[in-house]
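There are 2 protein chains.
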Amino acid sequence: MINPFDDTYYMKKALQEAEMAFEKGEIPVGAIIVVEDRIIARTHNLTELLNDVTAHAEMQAITSAANFLGGKYLNKCTLYVTLEPCQMCAGALFWSQISKIVYGASDLQRGFKNLGTTLHPKTEVVSGILAEEASALMKRFFIEKRNLN
Amino acid sequence: MINPFDDTYYMKKALQEAEMAFEKGEIPVGAIIVVEDRIIARTHNLTELLNDVTAHAEMQAITSAANFLGGKYLNKCTLYVTLEPCQMCAGALFWSQISKIVYGASDLQRGFKNLGTTLHPKTEVVSGILAEEASALMKRFFIEKRNLN
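Residue numbers (the UniProt record's numbering), protein chains in the order written: chain A, 1 to 149; chain B, 1 to 149.
Where hints are given, some of them may not hold.
You can't tell identical chains apart in this list, so a pair holds if it fits in one copy or across any two.
[As the list claims (entries may be wrong)] Below, a list of computed lysine-lysine pairs in the DSS-like style, where the Cα atoms sit at most 30 Å apart:
| # | residue 1 | residue 2 |
| --- | --- | --- |
| 1 | Lys145 | Lys76 |
| 2 | Lys139 | Lys122 |
| 3 | Lys145 | Lys122 |
In short, the hints are calculated from the structure, not lab data.
My request is simple: use the sequences and hints to build the entire structure.
So this is what it looks like as C-alpha cells:
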C-alpha cells in the first residue's frame, strides 16, 4: 500500500512555510517537525522580523517541538526543511539527537555538509526532496530583492 | 594607565552568570556581551529550565544583544563566555559577525575549535581567560550531580 504521508508530502508543508517567509520579505526557508505522522512544529525563517540571526526556521522548529513534547530530546522526530541546515542549525540538531533530517535544496556555501558540522551519530539524513521547488523559491526571492534595490 | 575594564573584569561577570546557572541545576556556563565598555547582555545556560537544547548562554546573549541594539549584527561587540562555544553557538556567532569572542575553559570534545566550525573572518578569538575558575565550577557541578544520583 502506498503511504500518502511520505517525505514529499511533509516537504510540501515545509515549502508552504517557506512561501510564508517569502511573503514577509524573509529568506524563504520553511521547516516542519513530524512525530508518528503528526506535525508538531511549523516554522519559517524570521531573522529580519525578529532582528535575530538565531531565528532560522530549524531553530524555531526545535524549540517549538520540544515545547510540544515537554522534553528537549527529539529522538523520535523527523525534521523537514527546504534548505540544507547551516552550522548553527546542524549544531542544534546535534544536541536535539533528532532521528532524521530531510532537506530539499543543498547549500554548498553555508550548508553543514561542506562545512563539516558533526551531527549526532544516530541521525539519518535524506536530501534532495523537492529540491528544485525550494531552490526556485530562493532564486525568485533574490531576483526580486535585487530589483527592489 | 591601567584599564580596569579588561578581559578579566568582564569574564568575572560571565562567571557570576555561570554561578547563577549552577544554582539552578544547569550546566554552569555564563555569557556577557559588551559594546564600548558597556554590558548589553547577561545570560546563562537554561537548557533544563526551558527544556530547550538551543538555550545555551551564548544563544540567549546574541538574541538579547541584538534586541538591545535594534539590529541583528554584533560587529562592534565582544562576547565573554566561560566555556568554549559549541558548533551551534559558533555557527550563530558566525552569522552575528561579532567582533571578538573571549572564552575561558576549552571544551576539547564539544568545542568549535576541534570540531572545525567556521567563524566570521573578522572575528578575533581570545581563550584561557579565568579558565581555571570556569573549569573548577564545571567539575564541581558534575561531581555534585553524580553524588545526587
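Practice prompt. Check Lys139 against Lys122 for me: Cα-Cα at most 30 Å, and say if that holds within a copy, between copies, both or neither.
Written response: between (33 Å within a copy, 28 Å between copies)
Discussion item. If the cut is 30 Å between Cα atoms, do Lys145 and Lys122 qualify within a copy, between copies, both or neither?
Written reply: between (39 Å within a copy, 26 Å between copies)
Worksheet item: How do Lys145 and Lys76 come out at 30 Å by Cα distance, when the copy is not named: within, between, both, or neither?
Response: between (38 Å within a copy, 27 Å between copies)
Taken one by one, the earlier hints all hold for this structure without exception.
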